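With chain W fixed as given, assemble chain G onto it according to the hints.
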Amino acid sequence: MFHWLEKHPFFFAVGVFIAIAFAGLIEILPNFAQASRPVIGTAPYSTLELAGRHVYIKNSCNACHSQLIRPFKSETDRYGHYSLSGEYAYDRPFLWGSKRTGPDLMRVGNYRTTDWHENHMKDPQSVVPGSIMPAYKWLFTNSADIDTVYAEQLTVAKHFAVPYNQDVPMKDGSVQNVKMASSIAEARSLALEEAKVVAADMKDQDVKDAVARGEIPEIVALIAYMNSLK
Amino acid sequence: MENRPLEYDYTIAKMFMLTTIAFGIVGMLIGVILAFQLAFPGLNLILGDGLAEYTNFSRLRPLHTDAVIFGFTLSGVFATWYYVGQRVLKVSMAESRLLMTLGKLHFWLYVIVVAAAVYSLFAGVTTSKEYAEFEWPIDVGVVVVWVIFGMSMFGLIGIRREKSLYISVWYYIATFLGIAMLYLFNNMEIPTYFVTSPAGESGIGAWYHSVSMYAGTNDALVQWWYGHNAVAFGFTVPIVAMIYYFLPKESGQAIYSYKLSLLSFWGLMFVYLWAGGHHLLYSTVPDWMQTMGSIFSIVLILPSWGSAINMLLTMKGEWQQVAASPLIKFMVLGSTFYMFSTLEGPIQAIKSVNAIAHFTDWIVGHVHDGVLGWVGFMIMASLYHMAPRVFKREIYSKSLMAAQFWIQTLGVVLYFSSMWIAGITQGMMWRAHDEFGNLAYSFIDTVTVLHPYYAIRGVGGLLYLVGFLMFAYNIYKTMSSRPVEERELQSASPMGA
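Chains as they are written, first to last, in the working numbering: chain W, 56 to 285; chain G, 7 to 503.
Bound conformation, chain W alone (with noise of 0.2 Å):
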């Protein structure tokens, strides 16, 4: 058989093609729609939180960060619950990552403050003597691309039925109601409601003028993300 297969190309490719491809079948089909249901107490992002999910994006924060705790005492004492696959629901794409160059950060709003983040960002070894992470000073004059982000919302509301506008469950019985904007003006100054309470807690003066002059500054955004990971 593995002779004439050799002299004929087609029905080898054919041959190889089926013995690549029925793995990826059976690892990723039967649990895919398990896999893609929410647990009760995830919600969606909200705009300036999926903006600042795009600034770490932008910078390869994943490089260097996972945000996956693996079920082991000393990740847990470390960083807090072990990640459940419906906490990933909304993550489109995933930010797990393969290195902790640094720590893990799924659960980092739990326990850093938006003070914390914006001397870190700034200067990184003033608040971490011995950290080899680079200072981030440029997100505090970049602007954040609020438009690209609401697209993104409309987009996964579409297609992907994410529930903006509408009634989550909470762990404590409450419910949450993520509002997404319904044209890009709304969406920006939604943005920047939600700007002003993450401005109010920081100090450098250009970004609360920034903030007050209608701007957000991608710090701004990337520290309310940061923040909304629990």
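These aren't lab readings, by the way, just hints derived from the structure by calculation. Errors might be hidden in some of the hints.
[Stated by the list, open to error] Cross-link-like lysine-lysine pairs, in silico, BS3-like; alpha carbons within 27 Å at most:
{"hint": "1", "chain 1": "G", "residue 1": "Lys357", "chain 2": "W", "residue 2": "Lys154"}
{"hint": "2", "chain 1": "G", "residue 1": "Lys255", "chain 2": "W", "residue 2": "Lys62"}
{"hint": "3", "chain 1": "G", "residue 1": "Lys169", "chain 2": "W", "residue 2": "Lys62"}
{"hint": "4", "chain 1": "G", "residue 1": "Lys265", "chain 2": "W", "residue 2": "Lys62"}
{"hint": "5", "chain 1": "W", "residue 1": "Lys128", "chain 2": "G", "residue 2": "Lys357"}
[As the list claims (entries may be wrong)] Chain G is nowhere near these chain W residues, computed Cβ spacing over 10 Å in every case:
{"hint": "6", "residue": "Lys113"}
{"hint": "7", "residue": "Arg125"}
{"hint": "8", "residue": "Val233"}
{"hint": "9", "residue": "Lys258"}
{"hint": "10", "residue": "Arg268"}
{"hint": "11", "residue": "Glu270"}
[Said to hold, decoys possible] Restraint-style ranges between C-beta atoms, simulated for each label pair:
{"hint": "12", "chain 1": "G", "residue 1": "Val419", "chain 2": "W", "residue 2": "Val252", "range": "41 to 47 Å"}
{"hint": "13", "chain 1": "W", "residue 1": "Asp256", "chain 2": "G", "residue 2": "Ala28", "range": "18 to 24 Å"}
{"hint": "14", "chain 1": "G", "residue 1": "Gly206", "chain 2": "W", "residue 2": "Ala76", "range": "38 to 44 Å"}
{"hint": "15", "chain 1": "W", "residue 1": "Phe57", "chain 2": "G", "residue 2": "Asp440", "range": "55 to 61 Å"}
{"hint": "16", "chain 1": "W", "residue 1": "Tyr166", "chain 2": "G", "residue 2": "Lys265", "range": "55 to 61 Å"}
{"hint": "17", "chain 1": "G", "residue 1": "Lys110", "chain 2": "W", "residue 2": "Pro184", "range": "40 to 46 Å"}
{"hint": "18", "chain 1": "G", "residue 1": "Tyr60", "chain 2": "W", "residue 2": "Asp170", "range": "26 to 32 Å"}
It should be emphasised that the depicted structure is a prediction, and the values quoted were computed from it without experimental measurement. Virtual Cβ for every residue (Gly too), placed ideally from N, Cα, C.
Just chain G, lined up with the frame of chain W:
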């Protein structure tokens, strides 16, 4: 008519040889910069505060991996295909004007896509998925390039004179199919630009932005099914294709066993795809998938070692060539590193070992002993074998080549040994508890302890880069010297004379 062997047309092969070298230098240089940034963080500002955004570790890291994978390695794969393909199929590219046109189109589109990819990664336009960072417009470009490569490859196969496909061709076909399938499914994404808001606005935000079709755990599963197998079909399969052709040619020895090559080929095809799950051990993907990934990773030793042993046994009775020829040294050490790397990988895929190794530098070390020791050595050896034949000139300097071999070998050894120590040290420190059951180290303790190993790794990488520059210089001098071969060498080794 004179009865003489076929003359082949190496126009396209030469073009891809040049990009192999150019992208190799770029990718490795960025790698060395990254390595030293981890040891000396001040280097993040290597071009000053103003350009910090573009010289910072996290922005450069995807550029390094993608330049080496899609720049250096893929160019090497294409260069060797346009050389080996003609020779084992016994047909010249010059015989078909269509194939020549496709080949040139393949090259220029490829260069354009690579340039676009470099630009977008510097700008921070990325999907964040490892080795699949490109946004949808570039993905479309990648698919077009790949389809043209396929047409060019199957076109040449279609007009072949030698009816049986040589082993190398099996592996090139598998490379084409494997990457096509993986790349398409992992990059399923929806462009966000075309959506319409309730207020009737459309064309919102950045036109190149997209959102993944998969979320969370599913996205991770598809990504590592891709990520692991992009390594398989980019760093293993086509490199095996090279060694099956170039080692027998260079040494003048026949392949040791046809049956072993058959077993390893079909074994590799069948087993490799299953092993992706070992990137997700102790994650939120179902346990049975993790176990499957672990088990198949161990099984993967068989087909991997099958190829490597077949290569080493091909040298049976001719081991004096290893001492005599630096080119044979590259290939033999390459297969040895392949064996080493394909044993190390399965060990890391064992769940209890992975608990320590995952997220640490040991994984980085593993990738690099494979890529520097196996992929890099084999691509350079292939180009060294091709150069006298395509340029019709002898290799400029054999002693330079030997010096390069030793410098790079030392570089690889420094690289993987320092990363072993760094990875295991960090993995053990993360999990250490004191006698009261509290964590023994804060995270920063486990970072500062790595400084000497990061410095050693940087030196290892630098030595490898120096060796690569020697390689580039040697090839350049070969190309630009006075021609000495009147006719293409047919079977004699370029090292023989």
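Structure-based check of all given hints:
1. Among the hinted pairs, Lys357 (chain G) with Lys154 (chain W) is consistent with the structure: their alpha-carbon atoms are about 17 Å apart, no more than 27 Å.
2. Taken as a hint, the Lys255 (chain G) and Lys62 (chain W) pair is honoured in the structure, with Cα atoms around 22 Å apart against an allowance of 27 Å.
3. With a C-alpha separation of about 6 Å, the suggested pairing of Lys169 (chain G) with Lys62 (chain W) holds against the 27 Å cut-off.
4. The hinted pair formed by Lys265 (chain G) and Lys62 (chain W) meets the criterion: a straight-line CA distance of about 17 Å does not exceed 27 Å.
5. Among the hinted pairs, Lys128 (chain W) with Lys357 (chain G) is consistent with the structure: their alpha-carbon atoms are about 16 Å apart, no more than 27 Å.
6. With 10 Å as the threshold on Cβ separation, the claim that Lys113 (chain W) sits away from chain G is violated: the shortest Cβ distance comes to roughly 4 Å.
7. Some Cβ of chain G comes within 10 Å of the Cβ of Arg125 (chain W); the nearest lies about 4 Å off, and the non-interface call is violated.
8. Its beta-carbon lying about 16 Å from the closest one in chain G, Val233 (chain W) satisfies the requirement of being farther than 10 Å from that chain.
9. For Lys258 (chain W), the requirement that its beta carbon stay farther than 10 Å from each beta carbon of chain G is met, with the minimum near 21 Å.
10. Under the 10 Å C-beta cut-off, the non-interface status given to Arg268 (chain W) relative to chain G holds; the minimum distance is some 21 Å.
11. In this structure Glu270 (chain W) is separated from chain G by more than 10 Å, as the shortest Cβ-Cβ distance comes to about 17 Å.
12. Checked against the hint of 41 to 47 Å, the C-beta distance between Val419 (chain G) and Val252 (chain W) comes to roughly 54 Å, which is inconsistent with it.
13. A C-beta distance of roughly 49 Å is found between Asp256 (chain W) and Ala28 (chain G), which places it outside the suggested range of 18 to 24 Å.
14. The hint said 38 to 44 Å for the Cβ distance between Gly206 (chain G) and Ala76 (chain W), and at roughly 43 Å that hint holds.
15. A C-beta distance of roughly 60 Å is found between Phe57 (chain W) and Asp440 (chain G), which places it inside the suggested range of 55 to 61 Å.
16. Under the hint 55 to 61 Å, the C-beta atoms of Tyr166 (chain W) and Lys265 (chain G), about 60 Å apart, fit the expected range.
17. Remark: the range hint 40 to 46 Å for Lys110 (chain G) to Pro184 (chain W) is contradicted by a beta-carbon distance near 57 Å.
18. With their beta carbons about 28 Å apart, Tyr60 (chain G) and Asp170 (chain W) fall inside the hinted range of 26 to 32 Å.
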